[in-house]
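Engineer: Chains U and R are the protein sequences, given in the same order.
Counting from 584, one number per residue, gives the positions in the first sequence under my numbering.
Counting from 584, one number per residue, gives the positions in the second sequence under my numbering.
Please note: incorrect hints may appear among the correct ones.
Here are the computed lysine-lysine pairs in the BS3-like style, where the Cα-Cα straight-line distance is at most 30 Å [said to hold, decoys possible]:
#  : chain 1 : residue 1 : chain 2 : residue 2
1  : U       : K707      : R       : K650
2  : U       : K647      : R       : K695
3  : U       : K650      : R       : K650
4  : U       : K650      : U       : K702
5  : U       : K702      : R       : K707
6  : U       : K707      : U       : K695
7  : R       : K695      : R       : K650
8  : R       : K702      : U       : K647
9  : U       : K647      : U       : K702
10 : R       : K650      : U       : K695
11 : U       : K695      : R       : K695
12 : U       : K702      : R       : K647
13 : U       : K650      : R       : K707
14 : R       : K647      : R       : K707
15 : R       : K647      : U       : K650
16 : R       : K707      : R       : K695
17 : U       : K650      : R       : K695
18 : U       : K695      : R       : K702
19 : U       : K647      : R       : K647
20 : U       : K695      : R       : K647
21 : U       : K647      : U       : K695
22 : U       : K707      : R       : K647
23 : R       : K702      : U       : K707
24 : R       : K702      : U       : K650
25 : R       : K695      : U       : K707
26 : R       : K707      : U       : K695
27 : R       : K702      : R       : K650
28 : R       : K702      : U       : K702
29 : R       : K650      : R       : K707
30 : R       : K707      : U       : K647
31 : R       : K707      : U       : K707
32 : U       : K702      : R       : K650
33 : U       : K702      : R       : K695
34 : U       : K695      : U       : K650
35 : R       : K650      : U       : K647
Here are the in silico distance ranges between beta carbons for each label pair [what the hints assert, rightly or not]:
#  : chain 1 : residue 1 : chain 2 : residue 2 : range
36 : U       : E636      : R       : E626      : 31 to 41 Å
37 : R       : D660      : U       : C586      : 19 to 29 Å
38 : U       : R648      : R       : Q703      : 24 to 34 Å
39 : U       : Q594      : R       : V599      : 21 to 31 Å
40 : R       : V656      : U       : M705      : 19 to 29 Å
No lab work stands behind these hints, which were simulated from the structure alone.
We put the beta carbon where it would ideally sit given N, CA and C, even for glycine.
There are 2 protein chains.
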Amino acid sequence: MVCPFCHLESQDRQRVVLENEHCLFLQEPQEVLIGSGMIIPREHRETVFDLTEEEWAATFSLLKRAKALLDEVYEPDGYNVGWNNGSVAGQEVFHVHLHVIPRYADEPLAGKGIRYWIKQPMNKPGR
Amino acid sequence: MVCPFCHLESQDRQRVVLENEHCLFLQEPQEVLIGSGMIIPREHRETVFDLTEEEWAATFSLLKRAKALLDEVYEPDGYNVGWNNGSVAGQEVFHVHLHVIPRYADEPLAGKGIRYWIKQPMNKPGR
Numbered sequence: 584m585v586c587p588f589c590h591l592e593s594q595d596r597q598r599v600v601l602e603n604e605h606c607l608f609l610q611e612p613q614e615v616l617i618g619s620g621m622i623i624p625r626e627h628r629e630t631v632f633d634l635t636e637e638e639w640a641a642t643f644s645l646l647k648r649a650k651a652l653l654d655e656v657y658e659p660d661g662y663n664v665g666w667n668n669g670s671v672a673g674q675e676v677f678h679v680h681l682h683v684i685p686r687y688a689d690e691p692l693a694g695k696g697i698r699y700w701i702k703q704p705m706n707k708p709g710r
Numbered sequence: 584m585v586c587p588f589c590h591l592e593s594q595d596r597q598r599v600v601l602e603n604e605h606c607l608f609l610q611e612p613q614e615v616l617i618g619s620g621m622i623i624p625r626e627h628r629e630t631v632f633d634l635t636e637e638e639w640a641a642t643f644s645l646l647k648r649a650k651a652l653l654d655e656v657y658e659p660d661g662y663n664v665g666w667n668n669g670s671v672a673g674q675e676v677f678h679v680h681l682h683v684i685p686r687y688a689d690e691p692l693a694g695k696g697i698r699y700w701i702k703q704p705m706n707k708p709g710r
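Using the sequences provided together with the hints, build the complete structure.
Structural biologist: Structure (structure tokens):
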């Protein structure tokens, strides 16, 4: 299967908003997670654990630039920043992407973090 | 208020499992998110955006060591890795901590990632 993040020209909705030597910050139109985007390496890597040291450093540099931009445009009240690694963890495109998610005080789910649902007792593994 | 992650000696349940020059990997007993832990900088920083370059690099080094350890001990099927930044995003301790969350195929919520709930239409900000 062709990797959609190796072939951004095939993606109608993804727009490259910021970039540096090793990484891109992408955004697509959002109905709910207003302003959210993704940082991806230019090279194909599957998960965060596969990034090179240089790509890891470039991710941080771009993350701080993305935050500055999002702060100015959307004025969020906080951010979730993270990776899903593996389909069991919710990864759908197997070219690593760091989700950068502005959060807002006027969201119904304001105050709920990335672990809130999965840490509920009902999610205990069946072992 | 005294920062609990600056004063780990005050924390009965948190155990330092791995460490390097700038960071610690902590675990505490878990009922649901089996094997999950956190990577924190030794110095007090509030959010991921406040880390130094050296702390960011040390975070990656420790993340890969933590994954190797967790793979061996718990044999998970994937990982969520991420930060809550700001109380609106679910941050409860204001000393930055990277959640490292093994995920398992036999969890009821297997396949659901860190955005699954917050991206639902019901969570649209009220602006």
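Engineer: Which hints, by number, does the structure contradict?
Structural biologist: Hints 14, 29, 36, 39 not satisfied by this model.
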